[in-house]
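Quick mapping for you: the protein sequence lines, in order, are chains A and B.
Numbered as in this note's numbering, the first sequence ends at 250 without a single skipped number.
Numbered as in this note's numbering, the second sequence ends at 1172 without a single skipped number.
Hints may be right or wrong, so weigh each one.
The calculated label-pair distances, taken between Cβ atoms and stated as ranges, are [to be verified]:
{"#": "1", "chain 1": "A", "residue 1": "Thr16", "chain 2": "B", "residue 2": "Asp1151", "range": "51 to 59 Å"}
{"#": "2", "chain 1": "B", "residue 1": "Ala1079", "chain 2": "A", "residue 2": "Ser164", "range": "44 to 52 Å"}
{"#": "3", "chain 1": "A", "residue 1": "Gly63", "chain 2": "B", "residue 2": "Ala1153", "range": "23 to 31 Å"}
{"#": "4", "chain 1": "B", "residue 1": "Arg1004", "chain 2": "A", "residue 2": "Ala23", "range": "20 to 28 Å"}
{"#": "5", "chain 1": "B", "residue 1": "Arg973", "chain 2": "A", "residue 2": "Ala116", "range": "51 to 59 Å"}
{"#": "6", "chain 1": "A", "residue 1": "Arg243", "chain 2": "B", "residue 2": "Leu1160", "range": "56 to 64 Å"}
{"#": "7", "chain 1": "A", "residue 1": "Asp72", "chain 2": "B", "residue 2": "Arg1083", "range": "28 to 36 Å"}
{"#": "8", "chain 1": "A", "residue 1": "Asp77", "chain 2": "B", "residue 2": "Arg1083", "range": "13 to 21 Å"}
{"#": "9", "chain 1": "A", "residue 1": "Arg185", "chain 2": "B", "residue 2": "Val1152", "range": "50 to 58 Å"}
{"#": "10", "chain 1": "A", "residue 1": "Ala174", "chain 2": "B", "residue 2": "Gln1018", "range": "37 to 45 Å"}
{"#": "11", "chain 1": "B", "residue 1": "Gly1009", "chain 2": "A", "residue 2": "Thr16", "range": "33 to 41 Å"}
These aren't lab readings, by the way, just hints derived from the structure by calculation.
Please read these numbers as outputs of a predicted model, since none were measured by experiment.
We treat Cβ as the ideally placed atom computed from N, Cα and C, and that holds for glycine.
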Amino acid sequence: MQLSAAQVTKHYGAVAALRGVSLDVAAGECVALVGESGSGKTTLLRCFNRMVEPDGGRVAVGGRDVLELDPVLLRRATGYVPQDGGLLPHWTVLRNAALVPRLRGGAEAAQAEAVAGDALRLVGLDAARLGERYPHELSGGQRQRVALARALAGRPSVILLDEPFGALDAISRADAQRTFLDVRRARPTACLLVTHDLHEAERLADRVAVMRDGVIEQVAPPAELRAGPATEYVARLLQRTQL
Amino acid sequence: MSTADAIVRRTAGALSVEQRDPPSPRRHARWLAARTYALRVVALLACAIGSAVVAGAQNATRSPSRSTLDAQVVPRGRAAAVTRPIVVASKPFGESYILAELFAQLLEARGFQVDRRPGLGATEIAFGSLRSGAVDVYPEYTGTGLLAILGADSVPAGGARGTFDLVAREFARVYGVRWLPPLGFENTYAIAVRRETAQRLRLGTLSDLARAAPSLTAGLTADFIGRPDGLPGLARRYGLRFAAVRPLLPAVKYQALASGAVDVIDGYSTDGLIARYDLVVLEDDLDFFPPYEAAALVGARAQREAPGAVLALTELSGRLDEATMRALNRQLEVDGAPVAEVAVAELRRLGLAAVGRRAADAPQRRARGSLASTLWAERAAIGRRTLRHLELTGASLLAAVLVGVPLGLLLERWRGGAEGVVRGVGLLQTVPSIALLAFMIPLLGIGVVPALVALFLYSLYPIVRNTYSGVRDADPPAVSAARALGMTPAQVLRHVRLPLAAPIVMAGVRTAAVINVGTATLAAFVGAGGLGEPIVSGLALADSRQVLAGAIPAALLALLVDVALGGAERLVTPRGVRRRAAG
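Work the whole structure out from these sequences, hints included.
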């Protein structure tokens, strides 16, 4: 298992964000976490790169308990794409994409720009044309692709994506989703994708985990989910998104 | 008080008898009036003897000072070998400049080295400096000592003598500071009217004024209207009720009176302008105003280390009467003569300085003519002061950046206490600058050091506030992503927060710098020089050209600093951020 959460709990003050969540993501697999805001999906995602420290349970990445890993090194080994891109506005596109190899230092740092260029091409951007631009000079869709390239440049075995296409318009989103599928075909990396859009989840993920109120209601491949919702909530959710 | 004491004591004041009505009797009016009359007669006789003693006996113990100083024996000084210069200061108004210059030149004539610090702040700063030993001597007034420094709420009996005895005793006891025997004149509030008004309404005293007041308009300074020893008390004592009271700025009150816009003003009895406008000063026949006798105030350190200098200063005791002082003020404020020249001529006239002695230096040489020609004539001094101003501003700002930026960064890492610390620094900003300077004198003396510390403290807040807010609020998504991708907190600070906050930090530095350039003009109040110097002396001498010779370069300097740091702000703005801001 690339990612593994077992009976993970997390409280923010009196509010329980996670109440004993268990989830596994296999190597090369993409699992989508679907749920309403406040269901705990982002909190769970952030447990895997230790941006959130759970109160209980066990979180493992690559078979190792994250508590045994240095958080900074863990994060450098883990791809991450936030909703708003989170590009550094004062760095060029190429430099942004080269962030992780540079942070890792050594031989990787020397290769950082070349690796970043490859990653940009992988997400469908012309590195030669756009590499020297600044984030604000790009479209929203292009920015999210740069964020994806930045996550890929370190060649991680896991990528965490937190509503990566949620802020894009419908056309850009469709393009970005296509790019994501292409990338996954080229580089089959384990992915955990948080989204509130069930259609997106069905389109991009091998399995879909439905979260509600800090608990996973059901995990199943999209077709299976459609065929046999395990709980009333999942059934209602499917019904609502049946267009 | 024995009669003999009084005679000797009054010898000084008696000099004025020939030129002007001597100070009126106090409190127990009748009894005192009789006594004073007797004293005047005796004093006239004593005058000759007294002056002879004063003039002739430079090494002797002076008789006029004896009675008031019975407990404090005047040391038998010589023109002594004091290695450090005697620091002579003044308060920021014309008369104080003249008296300090008289002290300074007299000391120089007796072989002492002198360090002049004219125009020190107001009473708190001048007296604070004296108390701390940063200043050795400055001219002060007994009424001010009584009300402003000792904080007394009533005037002791015994008139000028009673007040002098009280302040001399209390200052020695409380501060170890010594009042030398009075110089010989009082500078009290002078309620003045035009000569024509006085003749038409037969006004000679304030009681006469009370009778005529309902038909007169008074033009009074805000200070006088407000303070209890001003109009409110005066009106109560005399039953004064003016037809109207108009608040006037000190600078315009004489003109307002002369032009007929008002009928009565509050002046100072030795103002040079009283004579110029041929005004009549009404006698305070009910002794409302406390006595304001001028005297040299000498600090403890000077008494200990330079008794010879203290003795030399007593040579001026009793030598300046009100008419003389008025004439000197007039030379300075009306004729525009340099302070040093006014002083050297007077010392020569008094026989206290060698004839032909030149003024040691004449820093107050004042050009007359157009503003442009004044500025041109003063270009060297303006250049020198601008340089000093820049030194003060630059050094204090640099220190504030070196402390404020790291402090702001530190607070970003320690947010729990951050707001408290920033507010604490902000609180410094609310301390009035003159008060801050005054607080600092006991610790740091006067001159450049307290000015630098004050300017440093004032510059701190904008820099700390902007640094802290700038790094704290730097692009949160970018900061979060940088952390999530494996930047250490130090890397986040260095590569993300700081570059993104740089323009905001710089804006703080810019704000601090402009405030600093303006505030640095106040450095002149503690003798630190800079462009405030001509502003302070210009205000003191009612010389607007002098004020502008400081204010114009200071304003230009502030503009220049603002523009330069605006450029720096753009320079440190990261490219990606700048474009976004522009777009």
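### Message
Hint compliance check: list the failing hint numbers for this structure, sorted ascending.
### Response
2 and 3
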